[in-house]
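Q: Could you put together the complete structure from these sequences and hints?
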Amino acid sequence: MPPFVHLHVHTQYSLLDGAIRLADLLETARSHQMPAVAITDHGNMFGALEFYEKCTKAGIKPIVGCEVYLAPKSRFDRQAESGGGNGELDRNYHLLLLARDHEGYKNLMKLVSRAYLEGFYYKPRLDKQLLREFCGGLIGLSACLKGEIASYLLRRQEESARKAALEYAEILGEGNFYLELQANGIPEQAVVNDGLIRLARETGLPLVATNDCHYLRRSDARAHEILLCIQTGKTVLDERRMRFHTDQLYFKSPDEMAREFAHVPEALTNTMAIADRCQLKIELGAYHFPVFSLESDETIEECFARTARDGLDKRLEQLGRHRGALDSSQLQTYEDRLRYEIEVIQKVGFAAYFLIVADFINYAKKRGIPVGPGRGSAAGSLVAYAMAITDLDPIEHGLIFERFLNAERISMPDIDVDFCIHGREEVLHYVSEKYGKENVAQIITFGTMQPKAVVRDVGRALAMPYNEVDRIAKLIPATLGMTLRKAFELEPRLGDLQRDNPQIQELFEVARVLEGLTRHASTHAAGVVLADQPIVEYMPLYRGQDNEIVTQYSMKFVEKAGLIKFDFLGLRNLTVINSAVQLIRKNHGVNLNMAELPLDDQDTYALLARADTMGVFQLESNGMRGYLERLRPETFADIVAMVALYRPGPLESGMVEHYIDGKHGKIEITYDVEELRPILEVTNGVILYQEQVMNIASTLASYTLGEADILRKAMGKKDPATMAAQRERFVNGAKRNGIELAKANHIFDQMEKFAGYGFNKSHS
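Everything in the sequence shown is counted per our numbering, starting at 26 for the first residue and increasing by one.
Errors might be hidden in some of the hints.
[Stated by the list, open to error] Below, computed lysine to any residue pairings styled on SDA-like, alpha-carbon distance capped at 20 Å:
| no. | residue 1 | residue 2 |
| --- | --- | --- |
| 1 | K477 | T508 |
| 2 | K339 | L380 |
| 3 | K459 | S321 |
| 4 | K581 | L309 |
| 5 | K778 | V698 |
| 6 | K499 | P517 |
| 7 | K499 | R510 |
| 8 | K188 | D219 |
| 9 | K742 | G506 |
| 10 | K79 | E584 |
| 11 | K259 | F269 |
| 12 | K590 | H454 |
| 13 | K477 | E516 |
| 14 | K477 | L505 |
| 15 | K742 | G731 |
| 16 | K688 | A631 |
| 17 | K590 | Y388 |
| 18 | K738 | M748 |
[Said to hold, decoys possible] Have a look at the derived ranges for each label pair, beta carbon to beta carbon:
| no. | residue 1 | residue 2 | range |
| --- | --- | --- | --- |
| 19 | L617 | L515 | 46 to 54 Å |
| 20 | E291 | R55 | 19 to 27 Å |
| 21 | N492 | S99 | 45 to 53 Å |
| 22 | L142 | D439 | 27 to 35 Å |
| 23 | D697 | V316 | 48 to 56 Å |
| 24 | Q154 | K611 | 52 to 60 Å |
| 25 | F471 | E360 | 40 to 48 Å |
For the record, the hints were derived by calculation from the structure and aren't laboratory data.
Every residue gets a Cβ at the ideal spot worked out from N, C-alpha and C, and that includes glycine.
A: Rendered as structure tokens:
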């Protein structure tokens with residue numbers, strides 16, 4: 026293969042412009058035996074860390090870059106610049122920047138962030154003043170026809186082009202600026218290439234060959250044309266729509282690039298030289314906790330332990346008042362559990378996390394902002410209950426700490442906190458003021474082109490009649506994980522339509538290319554990140570639709586970068602409940618404490634049995650009300666179970682019927698071994714909760730609860746090799762505890778079968 030790597034590549038994160046999925050990019054680069062490849066999305070670094078991780082795993086050197094937008098003068102200008110008297114207006118120029126090392130990566134993040142936060146005008150723009158400030162560790166390329174130098178050359182302004190080239194070279198430093206040649210079939214590009222070669226001879230600046238890749242294969246050009254229509258809201262019938270007038274912006278092979286640039290071989294070898302110079306290493310794995318200030322001389326660990334112990338004393342006092350005095354055995358259970366949890370949390374270094382969460386929850390409660398009693402696996406922590414992070418007693422409800430935080434496989438704890446929807450912004454403001462505005466950001470999330478939506482998008486761009494596209498889209502099954510390939514397997518009418526109609530055939534051909542691409546960016550409903558220094562030191566920033574500051578990395582990669590994620594969810598139901606409590610106080614003089622409501626109120630169970638639950642959170646749908654009438658819940662455990670059961674998997678598997686029939690004695694409930702009775706009796710013999718899987722493994726096969734949590738996760742992923750090893754471990758453990766081999770295998774089969782449907786009891 027000739028020496029060449031692609032340095033100008035637009036992936037799925039050049040939203041509605043790049044049509045290259047990261048996984049496909051690396052597979053193609055490997056097939057061309059390229060030792061390195063770059064990511065240079067338009068104006069953003071959304072995919073940079075994901076790309077870096079995928080490249081590293083694939084054994085391909087990642088070159089992290091960005092095709093930035095450069096304001097003609099100042100990034101603060103909010104008007105276009107006249108384009109040389111020819112009627113054109115330049116709102117921005119393009120410039121390609123590549124991170125040479127970690128300094129370059131950090132500077133690129135700062136440039137891209139400032140472009141969004143300070144320079145946004147149609148596009149996120151930086152300027153040369155910013156480029157001078159953050160130029161260290163960067164390599165620059167002159168970019169495409171929208172580059173400043175190319176713009177001058179197209180206007181025959183050779184001296185302006187020369188001055189601009191020398192200015193970029195001076196800003197970036199000797200040897201760090203390249204004149205970018207492309208062979209894309211666009212007539213104007215030939216004019217620019219000739220001018221760039223002349224410039225290189227005159228100035229001594231090096232040349233480099235790229236292809237401004239927007240799609241992988243030449244055959245994808247039509248799909249890319251449709252993608253641009255989707256971006257701009259146009260159809261293919263609009264002759265004035267945005268398009269590139271070429272089918273050559275694809276990931277060309279080294280042989281193709283060698284043929285295109287045989288007259289300037291140094292432009293090819295310079296791609297390898299740049300790749301060799303790019304030695305970026307991103308350190309992942311370390312956590313960067315925000316600084317929690319203490320008023321005393323205690324350490325964070327001491328403050329955490331004291332707060333938890335003091336909190337448990339208060340909780341036990343409350344329990345004594347409401348449930349009667351606890352005996353010494355019960356008290357010891359609480360003390361032992363708290364001691365164990367404190368030790369684990371301190372050992373894994375998460376004491377500060379609990380103090381931070383407890384602090385902003387305490388602030389909300391003091392301000393009269395309603396806070397939810399607990400959501401998700403954090404309800405399994407006695408420390409969280411003791412510190413008033415949750416209001417659910419995990420011992421009373423049989424919840425497991427290891428489902429929340431497993432010392433045998435450490436990952437960041439995840440505490441979801443619900444706030445009254447009207448109070449969420451106030452709590453966020455408090456956190457921002459306490460830890461520093463630059464150290465706090467919300468988290469981005471990305472929407473992708475799913476099967477139904479991509480068919481509608483493509484049909485609209487092809488100017489197909491709405492009714493026809495709607496009819497086709499409705500044939501695609503609306504099930505989780507659906508793809509167009511699966512849809513064709515499940516719905517034969519789709520294949521018939523495609524065979525009989527050339528336009529529908531094109532619709533699906535294009536939709537298959539675009540399916541799964543990133544469609545838009547938005548702000549995560551709950552995720553907020555706090556750091557020990559400005560977040561831009563760890564990742565680039567973006568400005569959301571409501572002017573909020575947002576990370577450019579999604580949740581998964583925020584955590585991989587070591588930043589601490591907190592969930593602040595605005596819940597309208599809390600607002601409604603709070604309004605009801607206030608009205609009861611005003612109209613009836615009764616002060617209700619939601620945390621102290623009895624769980625055995627018979628009037629409430631009668632209401633549930635009548636399915637009189639319109640407006641009741643999670644219990645108001647028609648389907649749920651039908652099951653409530655059949656179930657006739659009599660205990661809090663029945664309500665918890667019904668919430669867990671009312672999901673597609675359990676509904677389709679017959680688990681709901683088994684639970685209801687078992688409760689009412691219509692079927693006999695049996696257990697393979699008597700040890701299962703205390704674990705499954707509460708769910709009428711059904712393996713319903715993930716915690717039950719963990720308890721079965723612990724009780725029958727002597728797993729630690731940490732090991733049992735690893736088993737639970739393995740069952741969810743269904744990896745054959747891992748499951749074979751876990752089966753052997755379980756069966757041998759059960760055998761040592763006196764359980765017959767056949768029964769042990771049958772129990773494991775049942776666990777494996779229901780693990781896919783199992784729900785987190787803490788969440789239910």
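Q: Confirm or reject each hint.
A: Status of the hints after comparison with the structure:
| no. | hint | result |
| --- | --- | --- |
| 1 | K477 - T508 | 9 Å, holds |
| 2 | K339 - L380 | 17 Å, holds |
| 3 | K459 - S321 | 17 Å, holds |
| 4 | K581 - L309 | 12 Å, holds |
| 5 | K778 - V698 | 18 Å, holds |
| 6 | K499 - P517 | 13 Å, holds |
| 7 | K499 - R510 | 15 Å, holds |
| 8 | K188 - D219 | 17 Å, holds |
| 9 | K742 - G506 | 14 Å, holds |
| 10 | K79 - E584 | 16 Å, holds |
| 11 | K259 - F269 | 14 Å, holds |
| 12 | K590 - H454 | 16 Å, holds |
| 13 | K477 - E516 | 13 Å, holds |
| 14 | K477 - L505 | 12 Å, holds |
| 15 | K742 - G731 | 17 Å, holds |
| 16 | K688 - A631 | 17 Å, holds |
| 17 | K590 - Y388 | 19 Å, holds |
| 18 | K738 - M748 | 10 Å, holds |
| 19 | L617 - L515: 46 to 54 Å | 50 Å, holds |
| 20 | E291 - R55: 19 to 27 Å | 26 Å, holds |
| 21 | N492 - S99: 45 to 53 Å | 50 Å, holds |
| 22 | L142 - D439: 27 to 35 Å | 28 Å, holds |
| 23 | D697 - V316: 48 to 56 Å | 53 Å, holds |
| 24 | Q154 - K611: 52 to 60 Å | 59 Å, holds |
| 25 | F471 - E360: 40 to 48 Å | 46 Å, holds |
Comparing the model with each numbered hint stated earlier shows that all of them hold.
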